[in-house]
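Number of protein chains: 2
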Amino acid sequence: MTFRPAAAIGMLLADVDTPCLLLELDAFEHNLKRLMDSLRGTGVKLRPHAKSHKCPEIALRQIALGAVGVCCQKVSEAEAMVAGGVNDVLIANEVVGAAKLERLIALAQQAKIRVCADDAGNIRDLDAATRAVGVTLDVLVEVDVGAHRCGVAPGAPAVALAKQITSCRNLHFAGLQAYQGAAQHMRKVAERREAIARAVEQVQTTTRMLAAAGIKCDYVTGAGTGSYMFEAASSVYHELQAGSYIFMDADYARNEWTESGIPQFEHSLFVWTTVMSAPEKTRVIVDAGLKASSVDSGMPRVADYSDVDYVKASDEHGVLQLKGATRFKVGAKLKLIPGHCDPTVNLYDWYVCVRNGRVEALWPITARGAVL
Amino acid sequence: MTFRPAAAIGMLLADVDTPCLLLELDAFEHNLKRLMDSLRGTGVKLRPHAKSHKCPEIALRQIALGAVGVCCQKVSEAEAMVAGGVNDVLIANEVVGAAKLERLIALAQQAKIRVCADDAGNIRDLDAATRAVGVTLDVLVEVDVGAHRCGVAPGAPAVALAKQITSCRNLHFAGLQAYQGAAQHMRKVAERREAIARAVEQVQTTTRMLAAAGIKCDYVTGAGTGSYMFEAASSVYHELQAGSYIFMDADYARNEWTESGIPQFEHSLFVWTTVMSAPEKTRVIVDAGLKASSVDSGMPRVADYSDVDYVKASDEHGVLQLKGATRFKVGAKLKLIPGHCDPTVNLYDWYVCVRNGRVEALWPITARGAVL
Numbered sequence: 001m002t003f004r005p006a007a008a009i010g011m012l013l014a015d016v017d018t019p020c021l022l023l024e025l026d027a028f029e030h031n032l033k034r035l036m037d038s039l040r041g042t043g044v045k046l047r048p049h050a051k052s053h054k055c056p057e058i059a060l061r062q063i064a065l066g067a068v069g070v071c072c073q074k075v076s077e078a079e080a081m082v083a084g085g086v087n088d089v090l091i092a093n094e095v096v097g098a099a100k101l102e103r104l105i106a107l108a109q110q111a112k113i114r115v116c117a118d119d120a121g122n123i124r125d126l127d128a129a130t131r132a133v134g135v136t137l138d139v140l141v142e143v144d145v146g147a148h149r150c151g152v153a154p155g156a157p158a159v160a161l162a163k164q165i166t167s168c169r170n171l172h173f174a175g176l177q178a179y180q181g182a183a184q185h186m187r188k189v190a191e192r193r194e195a196i197a198r199a200v201e202q203v204q205t206t207t208r209m210l211a212a213a214g215i216k217c218d219y220v221t222g223a224g225t226g227s228y229m230f231e232a233a234s235s236v237y238h239e240l241q242a243g244s245y246i247f248m249d250a251d252y253a254r255n256e257w258t259e260s261g262i263p264q265f266e267h268s269l270f271v272w273t274t275v276m277s278a279p280e281k282t283r284v285i286v287d288a289g290l291k292a293s294s295v296d297s298g299m300p301r302v303a304d305y306s307d308v309d310y311v312k313a314s315d316e317h318g319v320l321q322l323k324g325a326t327r328f329k330v331g332a333k334l335k336l337i338p339g340h341c342d343p344t345v346n347l348y349d350w351y352v353c354v355r356n357g358r359v360e361a362l363w364p365i366t367a368r369g370a371v372l
Numbered sequence: 373m374t375f376r377p378a379a380a381i382g383m384l385l386a387d388v389d390t391p392c393l394l395l396e397l398d399a400f401e402h403n404l405k406r407l408m409d410s411l412r413g414t415g416v417k418l419r420p421h422a423k424s425h426k427c428p429e430i431a432l433r434q435i436a437l438g439a440v441g442v443c444c445q446k447v448s449e450a451e452a453m454v455a456g457g458v459n460d461v462l463i464a465n466e467v468v469g470a471a472k473l474e475r476l477i478a479l480a481q482q483a484k485i486r487v488c489a490d491d492a493g494n495i496r497d498l499d500a501a502t503r504a505v506g507v508t509l510d511v512l513v514e515v516d517v518g519a520h521r522c523g524v525a526p527g528a529p530a531v532a533l534a535k536q537i538t539s540c541r542n543l544h545f546a547g548l549q550a551y552q553g554a555a556q557h558m559r560k561v562a563e564r565r566e567a568i569a570r571a572v573e574q575v576q577t578t579t580r581m582l583a584a585a586g587i588k589c590d591y592v593t594g595a596g597t598g599s600y601m602f603e604a605a606s607s608v609y610h611e612l613q614a615g616s617y618i619f620m621d622a623d624y625a626r627n628e629w630t631e632s633g634i635p636q637f638e639h640s641l642f643v644w645t646t647v648m649s650a651p652e653k654t655r656v657i658v659d660a661g662l663k664a665s666s667v668d669s670g671m672p673r674v675a676d677y678s679d680v681d682y683v684k685a686s687d688e689h690g691v692l693q694l695k696g697a698t699r700f701k702v703g704a705k706l707k708l709i710p711g712h713c714d715p716t717v718n719l720y721d722w723y724v725c726v727r728n729g730r731v732e733a734l735w736p737i738t739a740r741g742a743v744l
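Chains D and W, in that order, are what the protein sequence lines are. Take the first sequence: its position 185, counting from 1, is numbered 185 in our numbering, and each next residue is one higher. Take the second sequence: its position 224, counting from 1, is numbered 596 in our numbering, and each next residue is one higher.
Possibly wrong hints are sitting among the right ones.
Unchecked claim - Which chain D residues stay away from chain W? Per the calculated CB distances, all over 12 Å, these:
no., residue
1, G181
2, K291
3, A303
Unchecked claim - Derived SDA-like pairs: lysine to any residue, alpha-carbon spacing no greater than 25 Å straight-line:
no., chain 1, residue 1, chain 2, residue 2
4, W, K684, D, D251
5, D, K335, W, G493
6, W, K695, W, K707
7, W, K705, D, A99
8, W, K684, D, S314
9, D, K329, W, S539
10, W, K705, D, L104
11, W, K684, D, R187
12, D, K335, W, A471
13, W, K701, D, D125
14, W, K684, D, R198
15, D, K335, W, D668
16, D, K312, W, S669
17, D, K163, W, A500
18, D, K323, W, K707
19, D, K329, W, D497
20, W, K684, D, N255
21, W, K701, D, I123
22, D, K329, W, T538
23, D, K312, W, G518
24, D, K112, W, F375
25, W, K701, D, R187
26, D, K312, W, M558
27, W, K653, D, A98
28, W, K707, D, A99
29, W, K701, D, R103
30, D, K188, W, S686
31, W, K701, D, A160
Because the hints were derived from the structure by calculation, they are not lab data. Built from N, CA and C at the ideal position, the CB exists for glycine as well.
Produce the entire structure from the sequences given, and follow the hints as far as they go.
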C-alpha cells in the first residue's frame with residue numbers, strides 16, 4: 001500500500017477524510033449471502049471474479065460462504081490473491097508473453113491455477129513454458145459465445161484447440177471458458193435471458209463435438225452479475241464468475257431486475273466526498289473527480305438525495321446540480337454510488353469498511369494496479 | 373510503490389512487459405524545453421501542474437530548466453512532491469476539512485506552500501488552524517473566470533474574500549488563482565484566445581477593485597496547456613500552470629495548434645500493450661483496457677498505425693479494428709496514446725522511460741492515488 005488509509009478503526013464516518021472508498025458492511029454481507037442463497041439446490045458453484053474487488057479479505061469471505069475460489073484477469077492479480085491466502089484461482093483470460101508465462105508457471109506451483117487460451121501459438125508457448133520447468137498446467141479453451149472480445153468460435157475451432165491441448169504433454173484440457181460479457185448490461189431481463197440461451201446453445205454444440213472427438217469436458221465456466229441466474233439454470237454451466245454483485249454499482253442498477261425470481265443486490269460501495277466549493281445555491285463542487293470514481297459507464301450517482309445530480313467530472317472535481325430543495329454548505333460530506341465498480345476500486349489502496357456510521361475495518365486493496 | 377516495475381533498466385523496449393506506461397524521453401525533453409523557450413522574454417514564470425505527472429523526478433527536471441516550483445491539487449499530492457525534493461508548491465485548489473488543514477499546515481512548515489480559497493467559512497477555518505499552531509499561511513483567492521467550477525465571482529465578491537484574508541492575523545493575501553479550465557480544449561485557436569481575453573478582463577476588473585480597496589495584488593496565476601500562450605502574452609498573469617504539455621495526450625492533440633506562434637508538443641506518453649487475442653483478421657484484442665488507459669476523454673489512439681483504431685475498452689481489454697492492410701499476430705506489442713494523460717498516469721506506479729528503443733530509467737509515480 002502506497003498510502004495510509006483515510007480513516008482509523010472506530011472513527012465516526014462523519015470524521016472520515018475524503019475522497020475515499022466506503023464499503024457498507026451490512027449491504028455487502030447481504031449481497032454475499034443473497035447470491036449464495038440463490039444458488040442453493042442448483043448444483044452450480046460460485047467462483048466470484050476478484051477483478052471487481054482486488055482484495056483477499058473479500059475473497060476469503062466469499063470462500064468462507066461457499067465460493068470454490070476466485071477468478072482473476074491478470075497473473076499479477078492472481079499473485080496478489082495467492083499471497084493473500086486464496087489457493088484456487090482461475091485466470092479467466094489469456095496470458096501472453098514470456099515474462100507472464102514464467103510468473104504463471106511459478107504461481108501454479110504454489111496454488112491451483114488454471115488459465116484460458118484461444119490461440120494455437122499461445123498453446124504452443126504454454127506447452128513450451130511448462131516443459132521447460134517440468135510442470136503441468138490446466139488450460140481451458142475460451143469460446144466466444146457472443147461477447148466478441150477474446151475467444152475462439154464455438155464448435156470446430158474450439159474442438160481443434162482442445163485437441164491441441166490434449167496433444168501437449170504438459171497441458172491438460174480443463175474445460176470451456178464461455179463468458180457472455182455483452183449480456184450483462186442488456187437492460188431488459190428478457191434480453192439477457194435470450195442472450196444466455198444463445199450462449200448455452202453454442203456451449204452445447206461445442207461440448208457435443210468435443211464428446212464426438214473423444215474429449216471429455218466436465219467444466220464450463222462463465223456468467224456475470226447481470227445474467228448469472230440464467231447460466232445457473234442452464235444445466236450447462238458448472239461455475240459462475242459474477243463479481244459486481246457484492247457492490248452493485250450505478251450501471252448495474254440501471255438494469256431491470258424485477259422479473260420474478262431474480263435476486264436483487266444492494267449498493268454497498270460508495271465514494272465518500274466533501275463539498276469543497278459552493279459557488280451557487282444550485283451548483284456545488286465535490287472533491288471526487290475522475291481520479292476518485294471512474295466515469296466510463298456514466299457519472300456517479302448521489303446517494304440519499306434524489307434531487308441532486310453529479311453532472312460533470314474533471315480530474316479532481318465533481319459538479320453537483322441541486323434540482324430541488326436540498327442545499328449543501330462547504331464541508332458537507334456525502335456518498336456517491338460509482339458508475340462502474342471495477343475501475344473505481346482500482347483507484348484506491350483501501351476499503352474503509354463501515355457499519356452503523358462507524359469504521360469497523362480497513363481492508364487493503366492489494367491487487368490495485370495489478371495490470372501485468 | 374505497491375508493484376515492481378514492468379521493466380529493468382537497459383532492457384529492450386520489445387522485451388518490456390505490458391501493459392505499462394512508457395515515457396519517450398526524447399519527446400518528453402523536447403516538450404519541457406519547448407515550453408520554456410516559448411516563454412523567453414515574456415517575464416512570465418512557469419509553475420507546471422504536478423497533477424499531470426505525480427512524479428518528483430519530473431518536477432525536479434522542470435525546475436532544473438527554470439520552473440519556479442509546481443502546482444498540486446491535493447495536500448497528499450503536495451506531500452509527495454515535498455518528500456521528493458520540491459520546496460515550493462502552490463495548491464491550486466481549495467483545501468477543506470480539519471484533517472486536511474492539519475496536514476496542510478504541517479507541510480507549510482517544511483516548504484513554501486500556498487493555498488486557494490473561495491469561501492468565507494473556509495477562510496475562517498484556515499485562520500483558526502494556523503492560529504492554533506502559531507504559523508502564517510499564504511492564501512490566494514480563486515476567481516471563476518469562466519470554468520464554472522470552483523472560484524468566487526470576479527470583482528466585488530473576490531475583493532470581499534481578499535479583505536477577509538487580510539483581516540486574519542495569521543493569513544496573508546497572496547494573489548489570485550484564475551484558471552480558465554473550460555478554454556483548454558476549445559478546438560479552435562481563436563476560441564481559446566477569445567476565452568482567455570474574457571478571463572483577462574475579469575482578472576483586471578478584480579485587480580483594479582483590489583487596488584481601489586488598498587489591497588496589493590502582485591501575483592496572478594492560471595493557464596493550461598491549451599491556452600498558456602495567451603495568458604503569457606496578457607501582461608496580467610505572472611505564473612502559468614500548464615501540465616499536460618510534457619505528455620501531449622490524444623485529447624489535446626485534437627486541438628487546433630497550427631496558428632502561427634503557437635508551439636507544438638510531441639506525444640511522449642504511451643501505454644505499451646500486447647495483442648492477446650486475434651479472433652478475426654480485422655479485429656484483435658489488446659491487454660490494455662479501462663484499468664490501463666482512462667477513457668473519460670475518448671478512447672486511446674493507436675500510435676504508428678494510421679489504419680488501426682482502438683474502438684472499445686472493457687476493464688482489462690481493448691478492441692482494435694484494423695481498417696487497412698495492417699495485421700497483428702498474438703504477441704505483437706504496440707503503443708497507445710492515452711485519451712487523457714492525468715487519470716491514465718494515476719493508474720500506474722512507474723514510468724518506464726525509454727530512449728532509442730531501450731529502457732533508460734524507471735521513475736516512481738509517488739503521488740499515484742494521492743486523492744486526499
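Holds or violated: K329 of chain D to S539 of chain W, with C-alpha atoms at most 25 Å apart: 23 Å, holds
K291 of chain D and chain W, when compared Cβ to Cβ, separated by more than 12 Å: 5 Å, violated
G181 of chain D and chain W, when compared Cβ to Cβ, separated by more than 12 Å: 7 Å, violated
Given hint A98 of chain D paired with K653 of chain W - CA-CA distance at most 25 Å: Between K653 of chain W and A98 of chain D the Cα gap is close to 24 Å, so the pair holds against 25 Å.
25 Å limit on alpha-carbon distance, applied to hinted pair K684 of chain W and R198 of chain D: Holds, at roughly 23 Å.
Proposed proximity, S314 of chain D with K684 of chain W (alpha carbon, max 25 Å): Within the cut-off at roughly 22 Å; holds.
Restraint status (C-alpha distance of K695 of chain W to K707 of chain W at most 25 Å): 17 Å, holds
25 Å limit on alpha-carbon distance, applied to hinted pair K329 of chain D and T538 of chain W: 23 Å, holds
25 Å Cα cutoff - pair K684 of chain W, D251 of chain D: Holds, at about 17 Å.
Pair hint K701 of chain W and A160 of chain D, alpha-carbon separation not exceeding 25 Å: 19 Å, holds
Pair hint outcome, K335 of chain D versus G493 of chain W [Cα-Cα no greater than 25 Å]: Cα-Cα ~22 Å, so holds.
K312 of chain D paired with S669 of chain W [C-alpha distance capped at 25 Å]: Within the cut-off at roughly 12 Å; holds.
The structure shown violates the earlier hints numbered 1, 2, 17, 18, 25.
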